[in-house]
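Engineer: Sequence:
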Amino acid sequence: MSAFCGWPSGYKTDASDNGSNNARTVMETSPLVIKKRKRGRQAKSCAACHRRKQKCDGVLPCFNCRRRDVAATCTYSEEIEASRKQRTPFPAPADASATDQVQTPTTLRPDQGGSSSNGRASPDARDAPVGDLFRSRDAPSFFGSSYFGPQAAAKIIEAPAPDLSSGIRHAAASTYSFRDVGGPFSQIWDLLGLLPRNKASVDRLVDVFLNELNWAIDAVHPSSFKAKYDQFWERKFGFDDFATIDLRWLALLFIVLAYGVFLDCPNPKNAEIQCELQETSLRFYWAARRAIVIAPTFYGESTDLVRAGVLVTRYLIHLRRVPEAWLTTSFAMRMAQAQGIHIDGERWRLPHRETETRRRLWSHLYMLDKTIALAIGRPFAIVDQQCQVKRATNVWLDDETDESAATVTESPLSEPTLSVYNFLAHDLAKIVGNIQERCFGLHTVSYDTVLSLDRDILAWEAKLPNYYHVQDPDTSIDHRHPFLRWNRLHLHSMYHFARVTLHRPYLLRQSITNRFKQSHDACISSACADLAMRIDYFQQPLHDRLKWTLGPHHLFNSALVLGIIAVKDPHSRRSQGILEDLIAYCAMQRNDVWLNEFALAEVKIIELCISKVQKFRTNRAAGNSGPVSQAGSENVPSRPPVVPASEQPVFVSNQDDFSTPNTTLSAETVPGIPWQAPWGDPTFTLFEPTDLQHWENVLDSITQDQMLFGLQ
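Residues in the sequence shown are numbered consecutively from 1, following the working numbering.
Calculated from the structure, these hints are not laboratory results.
All residues carry an ideal CB built from backbone N, CA and C; glycine is no exception.
Among these hints, one or two may not hold up.
To be verified - Derived DEER-like restraints, expressed as beta-carbon distance ranges:
| no. | residue 1 | residue 2 | range |
| --- | --- | --- | --- |
| 1 | S411 | R51 | 55 to 65 Å |
| 2 | R347 | D190 | 19 to 29 Å |
| 3 | R51 | D384 | 13 to 23 Å |
| 4 | S511 | Q388 | 39 to 49 Å |
| 5 | N267 | I512 | 49 to 59 Å |
| 6 | S511 | Q471 | 26 to 36 Å |
| 7 | L458 | G193 | 49 to 59 Å |
| 8 | H481 | N619 | 13 to 23 Å |
| 9 | V408 | I273 | 39 to 49 Å |
| 10 | D474 | I376 | 30 to 40 Å |
Model the full structure from these sequences, guided by the hints.
Structural biologist: This is the structure:
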């Protein structure tokens, strides 16, 4: 019997032997054997070629995977891997001792106790070590590369976050078909199906966003966004296309398209076109929400996810869906904290350009978190004691390289950039956070605390540059810096929001010493100024409205505050002027083509206030001195008339005579005045505008109280 091909030369066969003894001898001396394959076709294709039914050359990576630019996904099954390694030529051993490492094709029976190979001898280089999970997903961690590392402050500053790769790596066990409904990559396929088929339509929506809105709100970096946009459309299409799609950036693209739909047609001709535009925009919005949720499954975090979260939050504010915006801004904040943006870039030793970008992005998140939380009476997510971020400086480095940006110095305030508005809004957001923490918590505070916070707001207003002044701002350089006009309106709206919210619980309180006069004056003056801005708002096209209203403008309604004031004091000269402006405001709201159900609910509440005031004024004009009025007044105890706050004299007294007690006025301390609970108690939040029945009860309670004291 001749020797088998592949046996070493040291092994010889004897013709007189029966052959079985030789085979047994080889099995006993050879430590590494494999099972003999059954008769039939011997498979040697990789997993991708086997699935696509293509001819495979059996190398790693194979020819087809290299041709499709997916060499990293080329894998073989365990049996084919062992067979492929067996077919690999071995060098001839130098001596007989080397024959112990040679494989034999002899079959090993189970009862012979031999050991066989069960797969690859060593793990693949792409396999991540068990204790380094975070690094295997190449996600940056501000506490080192260990997923379970301690959050020690000393470890936070040791190493900067690494750059993120745009591709994904997956093992052979997770290589599902791209269209497999049970696999994770089917979500990417569904998202790609939501994009318009015509690339020209997408180009138009992206361009209108960058040209009309982006330069005013500092949403994305145009050059970086366009570079990734071109890379996205130049990718190769196919089943393996998911490896080149960055879902983090795709979420940003979808929310940009949601804004682009509104900006592409700011003045629809009728309500049908407006509804169609809003439905299209909402489809892109929901696609962005899905991509934001799915992206961490495939990748680590990135600034694209944070920017997408900020734009989604502002989109919800524009639609008056503020409670949902409270959720999305918290998610964006977590994405930012995962990348260490809550720690200043100087501590990370990052370039000057990237440091300024991260500061502005964190300020956007900070402002949204503090204002939304105060508006709806829910806790804010960002705790100042856990953050180490400096405010942005008056430089604009987005168009500079890292080398040139390192030498750029800060410009004076007379030459403003978008960063000036950014750090001014950040400073006011800190005061807003203090207002909620100190005045709208679980415990009541003294009125002195309210006055102290109001002085902080006034000090912030006094430090504004002349082109951002609340009273008589300088507009001479608006033609050189077009963003100044819209940033000015945004800061003014935020200023009025802070003052009205701070003084709102003390607006309707009466004091014989006129102690709450400052709250009365501050709340009424800010509400009137904001109402004037809202009336001008309806004379602007939509692309101009979006430049300054994606913030506090839609977080409160000064017209609603003025309506309550008019109901409380319907016969004063001030109420007559308020009534005229509110009627004009409601007419503009109803004639606005972009009116949605949330804005309509606010209009109905204001119209309810108007009807109450008009009813009281009509009754006063008709005269209440008749027999019916006199008979009705016999059952009501006579009380001295209450002079309105604006006509009361100011008493000058020593501070020792009248100390400031705690303002603990609520429904429990003052029984019989239930409307004070949601309006006058800081521990309560106002009802949502959609709760029309609750607002009717509040207004009825106010009018009944006025009739009880003989004021109507």
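Engineer: Does each hint hold? Answer for all of them.
Structural biologist: Against the structure, the hints come out as follows:
1. S411 - R51: 55 to 65 Å: holds (59 Å)
2. R347 - D190: 19 to 29 Å: violated (41 Å)
3. R51 - D384: 13 to 23 Å: violated (54 Å)
4. S511 - Q388: 39 to 49 Å: holds (43 Å)
5. N267 - I512: 49 to 59 Å: 54 Å Cβ-Cβ, so the 49 to 59 Å window holds.
6. S511 - Q471: 26 to 36 Å: Because 28 Å falls inside the window, the suggested range holds.
7. L458 - G193: 49 to 59 Å: holds (54 Å)
8. H481 - N619: 13 to 23 Å: violated (54 Å)
9. V408 - I273: 39 to 49 Å: holds (46 Å)
10. D474 - I376: 30 to 40 Å: Given about 35 Å between the Cβ atoms, the range holds.
In terms of the numbered hints stated before, the structure departs from hints 2, 3 and 8, listed from lowest to highest.
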